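Let chain A serve as the given structure and place chains B, C and D on it in line with the hints.
First to last, the protein sequences are chains A, B, C and D.
Counted the way my numbering counts, the first sequence spans residues 1 to 385.
Counted the way my numbering counts, the second sequence spans residues 1 to 456.
Counted the way my numbering counts, the third sequence spans residues 1 to 320.
Counted the way my numbering counts, the fourth sequence spans residues 1 to 305.
Honestly, I wouldn't trust all of these hints.
Said to hold, decoys possible - Here are the simulated DSSO-like cross-link-like pairs (lysine-lysine), alpha carbons at most 30 Å apart as the crow flies:
no., chain 1, residue 1, chain 2, residue 2
1, B, Lys162, B, Lys393
2, B, Lys371, B, Lys159
3, B, Lys393, B, Lys269
4, D, Lys135, A, Lys130
5, C, Lys127, A, Lys203
6, B, Lys438, B, Lys159
Calculated from the structure, these hints are not laboratory results.
None of the values given here were measured: they were computed from a predicted structure.
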Amino acid sequence: MSRIEIVQLTQQFKGHRAVDAVDLVIEDGDFVVLLGPSGCGKTTLLRMIAGLLEPTQGRILIDGVDVTELPSKKRNLAMVFQSYALYPHLSVAKNLAFPLAVLRTPKAERVRRVHEVAASLGLENLLERKPRELSGGQRQRVAVGRALVRRPSAYLMDEPLSNLDAKLRTATRQELSELHAELSATFVYVTHDQVEAMTMATKIVVLDAGRIEQFGTPDEIYHRPASVFVAGFVGAPPMNLVVGTVGSIGGVVTATAEGIEARLWPGVAEKRTVVIGVRPEHLRLDDFAANAESTAGSASALSVEGVVERIENLGSEQVLYLRVGDTLMTARGDDFGALRRGDLLALSAPIERIHLFDEATGQRLEWVPEPDELPAAAAQVAVMA
Amino acid sequence: MPISIRLAAVAVTAVAALALTGCVGGASAATSTGAAGSVATIPTLGPDQKVSITFESYNLAQAGAWTDTIQGLISTFESQHPNITVTGQAPATAAGANTSYISSVQTEMLAGNAPDVAQLTFDGLDYIANDMGAQPISQLVGEQAVQDAFGGQYPMNAKATKLGDWNGVTYGIPYVFSTPVLWYNATALADAGITHPDFSTWDGLEKVAQTLKAKTGTAPLTISCTVTGGDWCMQGIIKSNGGSIVSADHSTIEFGDDGSVGAVEEMRKLNDEGLLQNLDSASMYNAFASGKSLIQVQTSALQSMFMAGAKAGGWQLKNTTLPAFGTTPVAPTNSGSALFIMSKDPAKQAAAWEFIKFMTSPTAYEQISTKIGYLPLRDTMTEGDGPLAAWAKSNPLVAPNIAQLQKLQPWESYPGSNYSQISTIFSKAVEDSIYYGKDPKTTMQAAQQQAQALVK
Amino acid sequence: MFVTDVRPAPAAEALSNAAGVSPTRRRRRRVPIAPYLYVLPALILLGIWIYRPLVQTFQLSFYSWNLLPTQPLTPVGLQNYVSVVSSQQLRDALVNTGIYIAAFLVFSVVLPIAIALLSRQVGGRAKTAYQAIIFVPFLVTPVAAAAVWRWLLSDSGGAIPTVLGNFGIDIGDVLRSPSGAIWAIILIVGWQMLGFGVLVVSAGIAGINPDYAHAASIDGAGGWTILRRITLPLLSPTIVFLVLMTILLSAQWTYPMIDILTQGGPSDSTTNLYYLLYQIGFQNFDAGSAGAAGTLFFIAFSLLALGLVTLSDRLSFYDN
Amino acid sequence: MAFVPVADITLPVRTTATTIRSQDRARTTVKTASRRHIRVPAVVGHIVLIVVAFASIFPIYWMFATAFREPVDASAQTIFPWPLSLDSFTTVWQQIPILSMIGNTFVMALSVAACQLVIAILAAYGFSMWQFPGKNVLFLFFIGSWLVPFQVTMIPNYVLISQLGLLGTIAGVIVPNICSAFAVMLMRQHMQSFPRELIDAAHMDGRNSWGILLRVVLPNMRPALAALGIMLFIEAWNNYLWPALIFQHQSNALVQVGIRSFLGSEGDNWGAIMAASGLACLPIFLIYLFLQRYIVDGFVRSGLR
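Looking at chain A on its own, in the form it has when it is part of the complex (with noise of 0.2 Å):
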């Protein structure tokens, strides 16, 4: 329905950048989640692409359409907010109504659209009710309600799901996965929760301080995180990041910190300072790892020595803590309940488990093969800043 094109958006507040110079394509029938922390210009974003605020810089393009002027009622957006904004005056029914209404849509098709949407959303018996009259969660399907009644070429949403509670929050999550679906209409969604990003998401921006970090699939920006900072705010808990070095010992590149030795892959690397991660569910015990692992060899894999420090134990798996150096590593899986605090412990993770970071920059470094084992073709650079 509607392809959304962002081009060096930028919103200056006194002093500091909100949304610094960000271009983005959100293509048709994309779920678009922007996830980052609080203050990393998210909702900014939003606000300028629902026309709620007015660009310091840049355009906004829907289907082609330079919109960056026009006022927001004229976008042929909806949007659900956080609060929600029910109309506290007028009645589920009426709130349903009020975009049609201001559209002046007839009658007879406005009383039918409000009943196909309420009943969509199993609202039918709360029409006559006042916002204040109901419960967060049908508030929340109210404030969608009204977004779709109004057939919106996108959906905007600013974390909607935040005042819920959490066995709600998964439901809902399930739901809007599927009105996506159903809609195949383009969404454009604000959080900071990584789990509905990576629950909902077709597509995730990742923003720190106004900047997009990464855009990708879910899988990628988990798999493949493109930054330090990307590691290291998606995934609970947190990936492992330890600063090391890499280097080259007979003709194996190797990554090394205190108490973290790995042996990468046949090369010559030259020594540089880097932020070795790892993600704590990649972190097995030594001899499960070594057996699991020995058709690879033990040559390729990281190995990680530290003590015990605590556990928690989650039901389903447990959590390791251990001591490695100076830094505290986590490792999660279902078979450290024997181990006690105090134990001398070695983990390992397999090779392609390991990522690998510039230290300056927090960029994410890739092994390109030498030219001459490579297709000339092959060797590529990409540097995008």
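Chains B, C and D only, in chain A's frame:
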């Protein structure tokens, strides 16, 4: 009947408070009135008996000559009567712009601290005597003593002596008077070519005013009698036209009669011709004093203020008597006041009587007339070689005032406890008729009916 | 075979059984004493200084009494009420009171809404400065306000007639004009009220979650629609409050002006219910009529206030 | 041959930049989307507000302008008083004891405000922290007191004050005004929004209700107390009818009463009248100048239900 019991309790508390502050309750007031004959009932003060009394006078409300003169008289009295202390106080006028001196005393009675001697205006005589419980002086001290006080070397003007009487009983001793006088700015008139204005009749006044208006383009005339606060002299204008305010037996309101309406119509005519300025009382005398109004009918009591204004503005102040309606005799009313004894304590009453006698003595009038400019009620003092003869001679401005004393008509008090409301109704009807386009006849008559309904 | 897991009995149950108290029976709540003690001083003072006089006024309304301790109270039944209700003065005062309140609503509600909306457009420091200046007249002592305006309106040398005179408009002595005096009083009191209204309305608007206006604008509403359908309805509790304040306090605010500038005149054109009440009570000393009038006003205002409060409850949307 | 930082993970942005018709219009100012509101050019807003602000302040300016003119120029219509003169103030200074009047009024207003504040704090505390039988009735009793016109209570209260022997004293002005239902309501609003957890915590720490009020509630409500206190002070300062009744024979006791009688006696001496009026307002203006935030707060809060 719980309500009446509680009410009684309220009343009793109030009375008790009165008793506490040194006054006697209503019951004993009734006895003293009942027992009164023509013989004195109050004791003479013992040689060592110390008494202190309070004296409420509206002259004390104005700083300067007024207050100084009265305070001076009080200290003279105190030095003559070492056992009597007199505390002078101004009336409570701050609570509202329209609060009268009578209502001030009433407010104080309500609070249980009424003054022992009060200087009150004549418009409330009925009310003061019958409701507020002013003491019947002629019964307290005896008829003869009152007559003696009025007499003496310079006896009080005969017309004046009766003004404080109600049903043959003297309640108030007439104290200071003023009469309505026509003031004019002789310099401005001369500038307009009028050197010998004829102010003897309203027609004459009208002609002068028309000439002035033609010259200056603004309305020259202000008549304080026509606005709220001037009802006393409006009574005089009405009476000068043969009208009546209230019947002789004080039971019927009559200011809707032909004479009254005629007088009002005359004023209305002046206004319709654009000769009259519509100002409130205070603005009115300020306007004259500052030369913005050239002719003003106003109380003689403002003489010193006008003289100051004339001096500052460099113009000559002149005055004459109230104009007449054709050949009908002029009937000027008196503004002014009498002294009343409010105290119910015999000792204080005795002291009060001494004080009143002093304040209406030739000695006092000498001060009052020369320093404040009030009319000496003992008018013979201005004649022959009387103590005020020289003063009268050097002050030609007091002559019209003294002349009018001979024709003086009383400032009528309205009957009953609604006297003040009736006065308000009267003033409003007069203002409405003169300034605000209402028909004088129907307005005055309607007002008369409305007022009559308030007479109980 | 299966065995059921035996759970230990809840400790609480054991305890309450031991104490011999049935856990199902609710202990009766003790009535706390503390709140009464805290409220008591205020209550006593209100009783003495507000309600005692009110009760006395009510009682006196059935008597004829001129407030003189020496004079008797004569029971007259409902006659005071009859005479008060049938008096022309009361009717004039009632009409004037209506005019006053209607006109003050312009100054305390309509203009403040317009000004608050305008200053929202202006925003920033300028807005604060404007509002601070507009509020100043509210602080002016009534006596001084009356004096200043008397001077400004003075027929001889006042700034307003002089300036208007330069344009050939002669307004004369406004305070002596039966048609003009009431508007002069309204202007003066309105001048004092405006800043208060602006402040309250601004606070009211600031208290409205901007999401509503945002949502409405995304829903396709334009400026006027948002104002009419969202902002004003949401502002209605504030508006009702201001209306109530205006009705109740206009008396307090007009009284000094009337007293100092016109004394109800000319020709009763500026009097209102409160000034009339004052005249009856403190000038005519007619305790009975004053009592009757006071009682009637109290009842009338209670009903009015009750109506407004009910309205405001219906209009209140707790913004959460 | 080496590690390279990669950004290819970030999907390249393929813009249809050619469709952007407009040239690069860099905006220099931060604008919120004011188009949500009715579009009135800011200039119009400024003009209207300047006019209103001017109308608001002009009479006050004129008061001081007249007061500072030379007495002979009092009626001059020039915008700026020149030459400046303090003669009008001198006249006031000589005629009435303005300094002691202001001093007395200050004492009176301060006492009234302090008393009202204390009583209001107590009552509001009782109302907002407990549920108790009769609470609603009692609250109605407070609200109802608003509906009683001052003119109704005036005479009986006057009689009572005189019985207490307080006529003509500052105490007589203060005593009937110790409890302000209005202050109680406002205080209650504030207290109701006081965080419940803090009070519960203090209870757990073993404080009694009095201790909680003194050590927990009040210290945390200082701004609200200041705002309300200043507001009550201004109210008391500007009160005129009741003091006039109490100080019948001493028109020089309080400034409002004094000015009132000064107005009557000065006739057309506008310079002196304006000087006196200006002096009567001055303390409040000064307070406003320095404590504006609190005053505005106080009055604004009074508008919130």
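Now for the hints, and whether the structure bears them out:
no.	hint	in the structure
1	B/Lys162 / B/Lys393	holds, 28 Å
2	B/Lys371 / B/Lys159	holds, 24 Å
3	B/Lys393 / B/Lys269	violated, 37 Å
4	D/Lys135 / A/Lys130	holds, 29 Å
5	C/Lys127 / A/Lys203	violated, 44 Å
6	B/Lys438 / B/Lys159	violated, 36 Å
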